[in-house]
Every structure is written in structure tokens, then in C-alpha cells.
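A.B. asks: For the sequence shown, position 260 (counting from the first letter as 1) is numbered 273 according to the numbering used here, and the numbering increases by one without interruption.
Keep in mind the hints are simulated off the structure, nothing from the lab. If you're wondering where the values come from, they're calculated on a predicted model, not measured in any experiment. Note that beta-carbon positions come from the ideal geometry of N, C-alpha and C, so glycine has one too. One should not assume that every hint holds.
As the list claims (entries may be wrong) - Straight-line C-alpha distance at most 27 Å; calculated DSSO-like pairs for lysine-lysine:
#1 K353 to K187
#2 K221 to K198
#3 K361 to K408
#4 K346 to K225
#5 K170 to K361
#6 K468 to K558
#7 K187 to K227
Unchecked claim - Label pairs and their calculated CB-CB ranges:
#8 G505 to I84: 33 to 41 Å
#9 F173 to T139: 22 to 30 Å
#10 D493 to R397: 20 to 28 Å
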Amino acid sequence: MGANSSFQDLAVRFRAYHTNSLNVALHMVTTPVGIIAALVLMVNHPAVTPQHFQIAVGAYVASLLVTLGDIKLWVATSAMMAGLAALAVHIAPALATYDALKLMGFAYIGQELAHIVTGEKTFQSTYQAASPTFLALLLEHTYFLLPLCIDALVNMKASFAEWIVAHNYVVRCKLENSADKAARKTIYDFVTAEDPDRTCTAHWWYQKLEGKVKDAFSHCMSCDAMMGMFYDRFRPDLYNVDPIPSMNEIYVASSHHNNNSDTVFYTQHCDGPWSVWPWCHVYRVMLAVNENVQVETLFTMERGGGCLSDGDAVGFDYNREIHVIADLPTKNKDRRITCKLHYVVYPKCFGPFGRLVGTLATWYNTTARNLFLATIRPRGLFWRFMAFHVIFWTKRVRELEMYAGLNNVAVAAALFAVGQKIHPYFFMVATSFTHYCMYIATYHYRYKINFGVFKRNVVFFKTIALTHLCWNYLTNFTYDPVSIAMLVVGYGLSTAATVALGIDQTYFGVELGVMKPNFVSQFPYGYVPHPMIIGSIVGLLGFHKMATFRAALPYLVPVHICMYMIHMIQEQVFDIYKKDWHAGAKKAGVAPVKGRGKRVKAH
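Using the sequences and the hints given, assemble the complete structure.
C.D. replies: What follows is the structure, encoded as C-alpha cells:
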């Protein structure tokens, strides 16, 4: 790289080391902090007058107009620079020179840590060895640092929306090349030769396998199709995918599943308890060794699944994904033989912390396996009692995961605990607007979304938000008939709109591709424009109408309404189905309805 290279060339190189959304987000904090520290040093210098400061900042911004070659980027940089300069002038009297230097050091160290945490090299490391031109390159890098960060933000591979959307983590592939087929045949021949009892499940743990069958299993565990399935879902430059051999097994299904813990597989369930482990996944992969036309593997929240047969493989989060198997009328002619393979997937920067969840899953799997084996054929009152508890707690955990989500419960509990130490309103502020952020992020992202998890998450946090409103309304209650009427009419209208649309269409079922558009003519559609949003806003204003509520929480309802309006504008501006809806409605002779209650009269 030359010292006088164009900004465009420099930006392309800079982006290559700032692709991780977390790294970019941290840079959008540390870079402004560093600039503020430098500006404070300038403001506090005895030789610098306010006019000198203004001229220096203005000259820098004006020079960028020539050197950037991008008017939009220049406008964004100029606006941000103006804000940083104003903030620096405001806080400069409170900061001594030593304080500003500490702030600058914090910014520099923060940027280094951002790269360490996200596993991306620093841009400076690519040229610091070029000693003859190092200083010129460093000055160029520093001069362009703010627009470079903004450019990286605009062009990063990921989106901040990914942080909050409900991703679909179910992955699929098929092992079908000649080596894969040979490995599956070796496993099939092994099971056939062992000839296990068909009345209960049979298991061979990977670590106890020997010879060709172990080699065949190892091939399936690390073949290109299997690893490619993961790297299609998780960026290989950001995530490690490590096998967990001690959890692996060859599994043969039983011919019936009554009165023992085999029933668990025919009950909706999650396999493990470690769903609160952040950003890490333990995967169970079910690989069909032979033909299967009878047993479906279904994923409740994803709404997908089917028969796994002859090399089909599906991977799912061991701790989070609710799944079940179900029988079809067709019958298998042979045993259903499956390989269970396990992997821990974690951000590279997590290192031992990421691998630890794999260790914990292994411990739990071993413990649960021993209990499971003891209750396949329960003998005596005690083991029948334990078999009952296996099924009972399987159902309770499934209900928690389906209707609330252990992750959500843990986050809410943590925010509540933090709020007890910080501020009485912290928990309310932190949880009242989360569902709006989920609406906005999901509508923006719309890629590989787990529809069931999305609905569960937004309903969970919306329930908390409404609970805050109701609790504060009751604790500050004074009789106000207009307020009560607005609540009844507003939320009654919103509820009627939800009933007319149905839950799935209300929560982006059409936009996320899980259902076809439903042209609704039932009340309140055709009578009230945007009834769901109008109703919700009227209801919110009903809370705000009561003087004592308004005095206690003057900003709560206005922020709710602002978030609603932001999302409504987003739907209007980025209406991805607008042409299809209008065409279909015109043909059907009814009015199209969409998303959160949009209604446009057919012409």
C-alpha cells in the first residue's frame, strides 16, 4: 500500500479486517471516544482559542470533501465530526490533560481488544513492518479513521439485526458420495450382524467401537458434506466446529415404545439443559444409515422435518431445539438405524469458554444416558417411578422452552437483578421495548428465521411490556372513565384485528414465507384503517390519559408509540409484497391485509 493511495483502495483493505459486526460496533464506540479525547486535548491547550478549534475542525472536514470521493460518506462523517466536536467542547472543562490522555489510551486499547475478542487482525498490523513508510501509512490511517469506520459499518458482511433475530439453527445435508455410502454400509452390516432385540432401543457408543465400523463412523463425523453443512450456517472465519466423540453412538430404534423412557422420543422434547450458554451451540446430528419410510423427525418451532432415509442428516441445537418423532402409516421393512453425531459450535474468540459447554453437555448426556438405560425396561416400583419422572420433566422443560424460552427467562431475570442495583426503572426500560426491536430487526433481516422462536420471543417480551404498563397503571390508579374507555376500545380493536388475521399472519407469517397471504374482510378490516396499530396506540394513550400515571412515567407511553410508528413506517417503505398483495386483492375483489394490521382498499 502506498502512502498516497486513494481512499477507495484503502477502504477495501480496511474492510477486510473489520467484517465482524461486533468488531465494527466496538469500533463505532472506541473511535469516537479517541477522537473526543484528541479534541479535548486541543480545546484545553492554552494556545488554542475557540476560533482556532473551529478552524481546525472545519479544515479537516473540508479536506475530506476532496480526499474521500464519496459525498454521502462525507456528509455522514461531517455530521458525526460536528457532534463529536460539540461534545468535546462541552466536557473539556471537566477533564484535565491527564484524563484526556487516559481516555485516548482507553480508546486505543479498546480497539485492540475488539480485534482480539472477535479474532480479526488489526489493519495496522498489515503495514507496521514496512519501516520506511510506516509513519506515512500510520498518518494516512489516522487521518481517514472515522470515515473508514463508517464505511466498514455500511459494507460489513453481517447486520446488527442478527444479534436479536430468532435464527433458524436447524441444518441439513445428505451423505451420498461413494465413500459416504461405503461407510453407511459398514455400519449397517455391523448392526445386522449384532442382531439386537427389536423390542427396545439398542446403542453402541462410538468410543467402544473398533476396527472398520469405528473408521466408518469417523468418516461420517468429519466428511465434507457434514462439515460443509455447518460452515454453510456458521462463518468458518468466526466459528469453530469441534466434534464431541464421547457423545456419539449408533442407535437402533425399537419396534414399540410403551411404558418406558423410549416414549420420550415420541414426546416433544429438548435434549439438554444448557440453553442459557450464550452464542454457543451443542449440535446433535441424526444421520439415517438405511432406508426409513415410517418415522418422521419433526421440529416444532421450525415447523420442518420429515423422514430421514439413506444418508439424510439433520443437525439441531441439543439444548434448545424442540423436536419429536412420529410414525407414518407406512411401515419400515428393516430396523431404523441412525448415527447420532455431536459437535460444539462456538465463536473462535471464546476458546475454552466455548468448549466448556461441550464438556457440560457430555457430562449431562452420560448421566441422562445411564438413567435412560435403567428405565428402558423399568423393573420394580423405583425404576417405574424414575421412568415416570423422565417423561414428566421432559414435558415440563418442553413447555418452558416453547412458551417462554429459558434464554428469555434468564435474560429477564438478569436484567431484573441488575436493575435492583442500578435504578428502579432499569428493568422496565430494558424490557419494555425489546419486542419492537425484534419486529424491526426481523422485518429487516428476514433470512433463515425460526418462525416459532420469533413468535415466542416477541410474545414473551410484549407480555412483560404490557405487565409494566398495567402494574404502573394500577399502582398509580385514579378513576378516569375516559382512560378506561380508551383502554377497552383500543385493545379491544387490536385484539379483534389479531383474531381476524390469525396469530401467524399477525407475526410476519407472510413476510417470512411460512404462509400464503390471507385476504381478510372480517371486522375490523374494512371499517378501520390499520386497526391493529390504531387500536394499540389508542390503548397506550389510554394509559397516558390518566394524570397520575402520566406524572409518574411521562415518557413511557410516548416511547412505546414512537417505536410503533418507526416499525409502521418500516413496513410501509419496505413493503416487499406490495405489488403481489394489490394484484391478488384486486383479483379477489377484497382488501389486502398484512403484517401488523395494514389495510389498503382494493381498486
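A.B. asks: Are the hints correct? Go through all of them and say.
C.D. replies: Verification of the hints:
Among the hinted pairs, K353 with K187 is consistent with the structure: their alpha-carbon atoms are about 14 Å apart, no more than 27 Å. Taken as a hint, the K221 and K198 pair is honoured in the structure, with Cα atoms around 19 Å apart against an allowance of 27 Å. Between K361 and K408, the direct Cα distance comes to roughly 34 Å. Violation of the 27 Å bound is thereby established for this hinted pair. The suggested pairing of K346 with K225 holds, with an alpha-carbon distance near 26 Å, which does not exceed 27 Å.
Between K170 and K361 the alpha-carbon distance is near 17 Å, which keeps this suggested pair within the 27 Å criterion. Among the hinted pairs, K468 with K558 is inconsistent with the structure: their alpha-carbon atoms are about 30 Å apart, more than 27 Å. With a C-alpha separation of about 20 Å, the suggested pair K187 and K227 falls inside the 27 Å cut-off, and the hint holds. At roughly 50 Å, the beta carbons of G505 and I84 sit outside the given window of 33 to 41 Å.
About 26 Å separates the C-beta atoms of F173 and T139, a value consistent with the hinted range of 22 to 30 Å. Restraint check, D493 to R397: a C-beta distance of roughly 59 Å breaks the suggested window 20 to 28 Å.
The earlier numbered hints that this structure contradicts are 3, 6, 8, 10.
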